[in-house]
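2 protein chains.
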Amino acid sequence: MKLLDRLAGIAALAASAIAQPAVAQLSVKEIGSFHIGGQEVVLEGLPTREIVFTPGAPPLKVDPNGEFETGQMYVQYIRLSQPKARYPLLMWHGGGLSGVTWETKPDGKPGWQQFFLAAGHDVFVSDAVERGRAGWSRYPEVFKSEPFFRAKKEGWDLFRLGPADGWNRDPSKRQAFEGQQFPVEAYDQFGKQAVPRWATNDAATQAAYDALVKRVCPCVIMVHSQGGNFGYAAALNAPDLVKGLIVIEPSGSPNPERTEFAKIKGVPHLVVFGDYLDRQPLWGRLLPNQQKYFEGLRAAGVDATWLDLPKQGIRGNSHMLMMDKNSDQVAALINEWMVAKGLAMK
Amino acid sequence: MKLLDRLAGIAALAASAIAQPAVAQLSVKEIGSFHIGGQEVVLEGLPTREIVFTPGAPPLKVDPNGEFETGQMYVQYIRLSQPKARYPLLMWHGGGLSGVTWETKPDGKPGWQQFFLAAGHDVFVSDAVERGRAGWSRYPEVFKSEPFFRAKKEGWDLFRLGPADGWNRDPSKRQAFEGQQFPVEAYDQFGKQAVPRWATNDAATQAAYDALVKRVCPCVIMVHSQGGNFGYAAALNAPDLVKGLIVIEPSGSPNPERTEFAKIKGVPHLVVFGDYLDRQPLWGRLLPNQQKYFEGLRAAGVDATWLDLPKQGIRGNSHMLMMDKNSDQVAALINEWMVAKGLAMK
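One line per chain: the protein sequences are D and W, in this order. Under this note's numbering, the first sequence is numbered contiguously, ending at residue 360. Under this note's numbering, the second sequence is numbered contiguously, ending at residue 360.
Just to be clear, a hint being listed does not mean it is correct.
The list cannot tell twin chains apart, which means a pair is met if one copy fits it or any two copies do.
Stated by the list, open to error - Below, simulated DSS-like cross-link-like pairs (lysine-lysine); rule was C-alpha separation at most 25 Å, straight line:
id, residue 1, residue 2
1, Lys98, Lys360
2, Lys228, Lys98
3, Lys43, Lys339
4, Lys43, Lys98
5, Lys187, Lys228
6, Lys277, Lys228
7, Lys158, Lys187
8, Lys75, Lys43
9, Lys167, Lys75
10, Lys228, Lys123
11, Lys306, Lys277
12, Lys158, Lys360
Worth flagging that the hints you see were computed from the coordinates, not collected in a lab.
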């Protein structure tokens, strides 16, 4: 894979990376949250429903008509008293999940939110439109399709924990890939983090992300999986505000043939991939598109680094890098990249 | 209303209450989150669907069958380096909302999460089953009914911002109650915090709350609105673990005739109500049940205080006390009550 970039510097970092203690005393200036994006929608003509709120109680009439907010996203921020990083770090989750992706690991150990706070970054963790605390709207009246729900066997396969036929309802009988870093013993706990998703809200999601960038940036954005496409597009939409883009295991990206890469010449990009990419058919199909987009970045002179963890000797990482047992090691590499790009301080 | 308790001490506190600065430097030991409660459910025999993930792309087949987690709740915790309070404070939201209730005010000012952190409490803010980051499940296959969505006009009425006929889609034409403390100019922003709800998940919600209590208590629990019933029941289910219960504008409570009040004799209770209760018909019907439950507490010798804010000279509070302009003043009163009960330190 000649596309893959193996900067000597990154290799050296991989060797020297020492996981920072993720649990630290943090001096916090402010904790808060807000919703951003979206607009009002009006529903009319729907029949009144009778709902029994408490078993045994008489039904109450509920009028489903009226004005509602839709298309907003949720953002929680933690600002440090003395941030060491130059810009706040925005963390955008992937499909079928929420901002919880960044907060916690299913084995109960601290997640990347804590890691990057401890490393001196102000951190903004968000729930995209329709996910988690962003709320969601009636369908098909407002959202234009039905939601779908990811079965645990599908996550086991797509997140590259093990072969599809290694799934078993009984946790003790599941077969993970050899050397797997994901805490597979906590996979059912991870299943509790799942939230439903729609396939028809991408435009609203991008608009909300772009509004967030306008409100809180300049910033560095870290995206995961489905968030890849939103992150790449956010940088293209506001290249002066996005000071760095960290793309963890992107599943999507803009069409490189229609991308004006010159606009983002000043935005350093880091793409990170884990292990077992050749063991899962969908990733085999997704990866070439990611490589093409990366090639477009490099051809246009964008400062872009492709961090292939196995090539750096870091093996066993799943799609959910931030939950893997060596998540601190991977986070430390990313932080070193930010230091190298002048986005963070050692 | 002879039921209402007007302890001289509380009256004096109301007069002396000085809103604490809600934005403070916090020394934080740990930030994290987890899901708790629920169980696996298996779906079988549902037809495969074709979903177009990206406009223009060919449809992908999605199998909706398999194992899913359902009935869990979400909890985020912030632990201080040096908590002053004796126990962590658990904050449980009301109906149609999520833990965001406690985090932020729609005018962007800091919410009670920050207030109580600044006052020295470790704080656990949760999203109940089916709400926010807790996720939700297919219906009618898993959840047994359809969800419903609260129109903004309904919230305007039920949350006692103004008379029902004072609602107008145009914010400049809405008529609020005179002296209203809710930041009505930010009501549409508040509308973005709404999440759908079901009427058929109460048992799962109570089970998840009870599991949370077992995991993180001894604690003090603060509940709002629909959370009232869950909080009262949680104290009854674990009276040794719930060291204090603060019930903000409860809309529900257990049936007092079937409640073993003697079990919770050691659990001090504080009930807080705002203004305009006689201006909204539903609250006129809900309030007598709340008073009956309170009467049951007092008759059994439970240390129970009913804080009627208008009777203490604090006027204009809506159902969303924690978002009102004088929210810090109300929070300070509650904190003083905790101090008086030995649950917090000045």
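Hints, verified against the model:
no.: 1; hint: Lys98 with Lys360; in the structure: within (8 Å within a copy, 33 Å between copies)
no.: 2; hint: Lys228 with Lys98; in the structure: within (22 Å within a copy, 38 Å between copies)
no.: 3; hint: Lys43 with Lys339; in the structure: between (30 Å within a copy, 22 Å between copies)
no.: 4; hint: Lys43 with Lys98; in the structure: both (13 Å within a copy, 18 Å between copies)
no.: 5; hint: Lys187 with Lys228; in the structure: neither (48 Å within a copy, 30 Å between copies)
no.: 6; hint: Lys277 with Lys228; in the structure: within (17 Å within a copy, 54 Å between copies)
no.: 7; hint: Lys158 with Lys187; in the structure: neither (40 Å within a copy, 31 Å between copies)
no.: 8; hint: Lys75 with Lys43; in the structure: neither (46 Å within a copy, 48 Å between copies)
no.: 9; hint: Lys167 with Lys75; in the structure: between (40 Å within a copy, 15 Å between copies)
no.: 10; hint: Lys228 with Lys123; in the structure: between (33 Å within a copy, 20 Å between copies)
no.: 11; hint: Lys306 with Lys277; in the structure: within (17 Å within a copy, 67 Å between copies)
no.: 12; hint: Lys158 with Lys360; in the structure: neither (47 Å within a copy, 53 Å between copies)
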